[in-house]
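Peer 1: Spelled out, the chains give:
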Amino acid sequence: MSFKNPLEKIEDKFEMIQILDENGKIVDEDNVPDLSDDDLVELMKRMVYTRVLDQRSIALNRQGRLGFYAPTAGQEASQLGSHYALEKDDFILPAYRDVPQLIWHGLPLYQAFLFSRGHFHGNQMPDDVNALSPQIIIGAQITQAAGVAVGMKKKGKENVAITYTGDGGASQGDFYEGINFAGAYQAPAIFVVQNNQFAISVPVDKQSAANTISQKAAAAGIPGFLVDGMDVLAVYQVTKEARERAINGDGPTLIETMTYRYGPHTMAGDDPTRYRTDDMDDDWEKKDPIVRFRKYLEEKDLWSEDQENAVVEKAKEEIKAAVKKADKYDKMKVTDLMENMYEELPANLQEQMEEYKEKESK
Amino acid sequence: MAQMTMIQAITNALQTELKNDEDVLVFGEDVGQNGGVFRATEGLQEEFGEERVFDTPLAESGIIGMAVGMSTQGVRPVPEIQFFGFVFEAMDAVSGQAARFRYRSGGRWHAPITIRSPFGGGVHTPELHADSLEGLFAQQPGLKVVIPSGPYDAKGLLIQSIRDNDPVIFLEHMKLYRSFREEVPEEEYTLELGKAETKREGKDITLIAYGAMVHAALKAAEELEEENIQAEVIDLRTIAPIDVDTIIESVKKTSRAVVIQEAQRKAGIAASIVSEIQERAILHLEAPVLRVTAPDTVYPFSEAEEIWLPNHKDIVEKAKESINF
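As they're listed, the protein sequences go chains A and B.
Going by the numbering used here, the residue at position 346 of the first sequence is 346; the numbering climbs one at a time, nothing skipped.
Going by the numbering used here, the residue at position 158 of the second sequence is 1158; the numbering climbs one at a time, nothing skipped.
It is worth saying that the hints were derived from the structure and are not from the lab.
There could be a bad hint or two in this list.
Cut-off 25 Å, straight-line C-alpha distance, at most; resulting in silico cross-link-like pairs (SDA-like, lysine to any residue) [claimed, not checked]:
#1 A:K357 x B:P1141
#2 A:K157 x B:G1107
#3 A:K359 x B:E1022
#4 A:K333 x B:R1108
#5 A:K300 x A:Q18
#6 B:K1253 x A:N348
#7 A:K157 x B:F1048
#8 A:K154 x B:G1043
#9 A:K154 x B:K1019
#10 A:K88 x A:K25
#11 B:K1266 x B:L1133
#12 A:K154 x B:G1049
#13 A:K88 x B:S1105
#14 A:K357 x B:V1244
#15 A:K157 x B:E1022
#16 B:K1195 x A:M341
#17 A:K359 x B:P1141
#18 B:K1199 x A:A347
#19 A:K154 x B:E1050
#20 A:K325 x B:S1105
Turn these sequences into a full structure, and let the hints steer you where they fit.
Peer 2: Here's what the structure looks like:
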């Protein structure tokens, strides 16, 4: 009897899926996504735009013009490739680093900035944006995603719920409960774990004895895939197939994207030099999702420096306008908060409302 | 009209709302074919099908997290936590998530969830089955906490809780499940949340209680009457929000009050009510407002339950202390 063999067999099944390599070459012809040239260009535009947004957000934070911000550079392929596989009526349950997916799902930029500043309007998704605001408690969104998916199934909707967490999130009890519930009900959910190698400072090998996060799907009886999270084509394709499975009633999928955040955990004082080396940063930057996709598109004559500059300029202008709009937005009041606690104000809040109306009128 | 126990009234309320609103979903551990460990959901899966009344995997955080997510899809979840002590497994899902769902989305989403759960002492359960944890949830903004004291109230309050568009914690005292029957109309009716009921009128002292302690207070009132003390008994019915007006009105009349809770003493509902009374009616008082509570220990193993739990004698004693002050 061997105790080790079953585990070895499991890990063999979770080899990393890659379609586009670091040099922008297709390495898996059979699985190249069925995307038009326009789609490919759009994906590139979104990644470049989001990289600019990240750089500007960091700068604005340093100037004191933004609040809470979790940098996104390095994770564009994981975030935007998975999002590009969705439809407008699909439901997103993001973690705190997943603001880009919300923006591309329809959250206006000025609201993303208000979210960063701690104004409730930043959390108030427009009526046509099916999403929750970014989750702060690691893992809470995962059981909720199972619930959204079960609700969709009960209502006969042909949509999916997609949720995002990180490598640290996969250690939470809610991660196991969420994927297990979705599996038990065969609900149309997609669980994306962006494995950016560190949960703040704790490396992924300290989170678990499991060599991959994707293999944890096996315990819930659902498919799990390990994907090159710096390869936008691979992330898109796997998410697309997971979505089709879900819509067809075949249940949820877990996707682990191997990626890296170039910046700190958040802009609130994290110093990555305490837990990462320059060599590690350099190795991952060689895998950069935008660099490799640019090479691929240039080879196909779909992308040029001029096009890229145009996207950068557009992003900068829109960011400037959005900051202005956020600046002009009415400051949040305690009475706004009170109004959003219950459908009808209970007696205690009615009293307190009068008190704060008076305070706020001064 | 039919004579029902509280558990029958609860089943009847669930059945009423499952019939009225196809978006109502009832789920939890063993609630399906088994009809719940107390038979609160007896026959409901058979009548409404597995799509609407169903078992869940055994994970409380998953159950409430799922209910929160479902809320975005226009359903009205009625999950059960099998025993309220198990809610510790779901604290984030309840207080961190469901309670804040309306607020954190700026009103875009809300969570019309009714979490039903048995609680309360005196039935010799193992650890973490009987604890009175209502204070933890009454303190959490965004939740309502409802505790019926009998069959009639249970039906009307549960139907109203299910129809409420915000999360409600609906706590069912295990000792009341089958301890007595009451006239309960077969047809639907609702009782407003946040409204107390004066169960007995009196001019000398106000006894304020909820859940099983309402019955201890009523028994105490009977004993006090033998000594010519007329006690008014208020059943809070809802402990979040609290019907402060009814309490103050009564205290202004009687000038004395004892607040009773089965839960431990510190930082509790009773303490909160004492504060409301002294802030709003201190000049009407003839004596300090007193409390009858359990001591500040964890809930005891069952052999010590009887002595640990407050009872009508403790209430009589405190009432006399107030009268003789």
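Peer 1: Does each hint fit the structure? Answer for all of them.
Peer 2: Each hint tested on the structure:
1. A:K357 x B:P1141: holds, 19 Å
2. A:K157 x B:G1107: holds, 23 Å
3. A:K359 x B:E1022: violated, 45 Å
4. A:K333 x B:R1108: holds, 18 Å
5. A:K300 x A:Q18: Roughly 19 Å between the alpha carbons, so the hint for A:K300 and A:Q18 holds.
6. B:K1253 x A:N348: Holds. B:K1253 to A:N348 sits at ~22 Å (cutoff 25 Å).
7. A:K157 x B:F1048: The given pair, whose Cα atoms are some 21 Å apart, holds under the 25 Å limit.
8. A:K154 x B:G1043: OK: A:K154 and B:G1043 at ~21 Å, within 25 Å.
9. A:K154 x B:K1019: holds, 17 Å
10. A:K88 x A:K25: violated, 31 Å
11. B:K1266 x B:L1133: holds, 12 Å
12. A:K154 x B:G1049: Roughly 12 Å between the alpha carbons, so the hint for A:K154 and B:G1049 holds.
13. A:K88 x B:S1105: holds, 19 Å
14. A:K357 x B:V1244: It holds: about 22 Å lies between the C-alpha atoms, which stays within 25 Å.
15. A:K157 x B:E1022: Distance of about 16 Å is within 25 Å: holds.
16. B:K1195 x A:M341: Satisfied, since the Cα-Cα distance of roughly 19 Å is no more than 25 Å.
17. A:K359 x B:P1141: holds, 21 Å
18. B:K1199 x A:A347: holds, 22 Å
19. A:K154 x B:E1050: holds, 11 Å
20. A:K325 x B:S1105: holds, 20 Å
Hint compliance for this structure: hints 3, 10 are not met, and every other hint is.
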